[in-house]
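Note that the protein sequences, when read in sequence, are chains H and U. All the letters of the first sequence, read from the start, carry residue numbers 1 to 111 under the numbering used here. All the letters of the second sequence, read from the start, carry residue numbers 112 to 226 under the numbering used here.
Treat the hints with care, as some may be off.
[As the list claims (entries may be wrong)] Okay, derived cross-link-like pairs now, DSSO-like style, lysine-lysine, Cα gap no bigger than 27 Å in a straight line:
# : chain 1 : residue 1 : chain 2 : residue 2
1 : U       : K168      : U       : K128
2 : H       : K42       : U       : K122
3 : H       : K68       : U       : K128
4 : H       : K42       : U       : K128
5 : U       : K122      : U       : K168
6 : U       : K128      : H       : K1
7 : H       : K1        : H       : K68
8 : H       : K68       : U       : K126
9 : U       : K168      : U       : K126
Hints listed in this document are in silico derivations from the structure and should not be mistaken for laboratory results. Every value quoted in this text rests on a predicted model; they were computed, and no experiment measured them.
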Amino acid sequence: KQEVTQIPAALSVPEGENLVLNCSFTDSAIYNLQWFRQDPGKGLTSLLLIQSSQREQTSGRLNASLDKSSGRSTLYIAASQPGDSATYLCAAYSSDYKLSFGAGTTVTVRA
Amino acid sequence: GAGVSQSPSNKVTEKGKDVELRCDPISGHTALYWYRQSLGQGLEFLIYFQGNSAPDKSGLPSDRFSAERTGGSVSTLTIQRTQQEDSAVYLCASRRTGTGHNEQFFGPGTRLTVL
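Just chain U, with the same shape it has in the complex (with noise of 0.2 Å):
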């Protein structure tokens, strides 16, 4: 079946816009992440979906940054204003919750790069 897609795989960018990256998670899986991988600062957590509960945005670095799941499925992370530290790969993850259901599963980011 069909992992977890991204898009846009590449995105450059210039300083002061605005981005939207997109992720397709697995069919049937209801739980969805967000996390940042930054040259230095490893993988860091973004923000989590659960099916219909309100997401935790614990891992958001500032309020330019936003997600939002569309009916449970399809996420779009936006960035706006960009900054040259936005730079990043920004992977997405999604995991089939329920007992048992454990594992999240990553799709192949999308490399971000503000000039």
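Looking at chain H on its own, in the form it has when it is part of the complex (with noise of 0.2 Å):
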């Protein structure tokens, strides 16, 4: 059975400091890696996508990257914001596509 760990569980940092949360999984034959945000009392929102194929994806400020030979995926935040502030999760697609979710990490940006 997949597991995925999130490490750290919470993070504060002030704003305009550069964010790096880790995700790891025990089993590297995973298809996808995927990176969503949370915002409290509210549903996913997908951030970044890396197909089993790549290395690394990225959109404006964030950066994803993954390593499946060591099981382990980053997700790097630029320059943070307050608006940054939520729980990122980190999921591994398996062979048929279902998830196994991190308990994901919880990030505060000081203004």
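Could you use the hints to bring the two separately framed chains together as a complex?
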């Protein structure tokens, strides 16, 4: 069974600082990896999807890398803003596209 | 186009009652997934429908939980004799199958509270 771990569980940084969120997974035979954002009481917003053949994806200030051999993915958020405060979830796709989620990293960006 | 929709958005019920949660996937998406997000448990897979194949029910926590998908579109998740530990946000996602169609799209969820 795929186990997904996210470290740290919580992170507080001053505005402008770069954020580094870590995700690790036990089964390297993943198909894809996806990062989501969740605001309190809200659903999931997809941020980046990294296909199994890719090593990274970028969207604006966000960059996500994937290293299947080491079972790791990292989400970088450049020049953080208070609006980036949310919980960030990492999820690994199995061969039948079921998702295994990490517990999330709750980010607070202080103005 | 319309995304995945779920209803109701919130449901409060008494312990022991049955509840039905509805998911309308994106038109043309043949794969449909249900997940549950509980406090302290994170997001967990419940059940997966793919076209006309038998559903993958491996994530259902007990036989009080069941789901069906009619006409390959709308899905209903039913919880019988609800318990307080069933309180959670239930999320539905759909996916277009075929080469290159990998991403699941999530609905806003149904928040279930069992008193």
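Status of each hint after checking the structure:
no.: 1; hint: U:K168 to U:K128; in the structure: holds (22 Å)
no.: 2; hint: H:K42 to U:K122; in the structure: holds (15 Å)
no.: 3; hint: H:K68 to U:K128; in the structure: violated (45 Å)
no.: 4; hint: H:K42 to U:K128; in the structure: holds (26 Å)
no.: 5; hint: U:K122 to U:K168; in the structure: holds (23 Å)
no.: 6; hint: U:K128 to H:K1; in the structure: violated (33 Å)
no.: 7; hint: H:K1 to H:K68; in the structure: holds (16 Å)
no.: 8; hint: H:K68 to U:K126; in the structure: violated (44 Å)
no.: 9; hint: U:K168 to U:K126; in the structure: holds (24 Å)
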